[in-house]
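Chemist: All chains should be modelled from the sequences, with the hints used to inform the complete structure.
As you go down the protein sequences, you meet chains A and B in turn.
Residue numbering for the first sequence follows my numbering, starting at 1 and increasing by one per position.
Residue numbering for the second sequence follows my numbering, starting at 1 and increasing by one per position.
Everything labelled a hint here was simulated from the structure, so no lab data went into it.
Since no wrong hints were added, every one of them can be taken at face value.
With a Cα cut of at most 20 Å, we get these calculated DMTMM-like pairs of lysine to aspartate or glutamate:
1. A/9 / A/73
2. B/55 / A/102
3. B/53 / A/102
4. B/54 / A/102
5. A/9 / A/72
6. B/54 / B/81
7. B/55 / B/17
8. A/9 / A/38
9. B/68 / B/5
Covered stretches of chain B (chain A as the covering partner; in silico rule of three or more C-beta atoms under 8 Å from a C-beta of chain A):
10. 36 to 46
11. 95 to 106
Ideal Cβ placement from N, Cα and C applies to all residues, glycine included.
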Amino acid sequence: NAGVTQTPKFQVLKTGQSMTLQCAQDMNHEYMSWYRQDPGMGLRLIHYSVGAGITDQGEVPNGYNVSRSTTEDFPLRLLSAAPSQTSVYFCASRSNYGDGYEQYFGPGTRLTVT
Amino acid sequence: KNEVEQSPQNLTAQEGEFITINCSYSVGISALHWLQQHPGGGIVSLFMLSSGKKKHGRLIATINIQEKHSSLHITASHPRDSAVYICAAPNTGNQFYFGTGTSLTVIP
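Modeler: The following block contains the structure:
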């Protein structure tokens, strides 16, 4: 199993540009989420999904969109990038059953907005 | 107010030392998680525990549900243990509150 994969690993955007961060998992996990990590702050939840076709907002959703058309994929879209969105982004997944809430994280995407 | 507080924020130790990282939380939880993040790397789950103690190699995690406190211990620390250790607690909505992490450096 590849686990949770994210692309790209690094990205530089100019203010106002849009892009999509890709996330995929091959563990058939129902629950997927996107976090951002900023210096001095804990991981903060952007959006999450409890299954295909179902998404919801987390703590810091503004400026981001998500969709979940399949169990495997959970892309994060930046509609109009702003310098405040410079951060490291992590995608995570977990099962709703069995191993409980143990989360599996992707390797992260380091995004810089100039 | 942070629902999950970790201490210390930074920790430097000599190789071989016994290390303790503390986590206090203010929310009711069913389980507490310890995560490890290596420099420039991803995040891996170390422990998920709801009571008592768990041990993986040189790492030991304990939790006291009544006191809402957990500790992560590293015995015979090694430079490869250098990482950020993060405490996380799921809330009733199955989301997570994360601590800001403890940055550990183990010097040879």
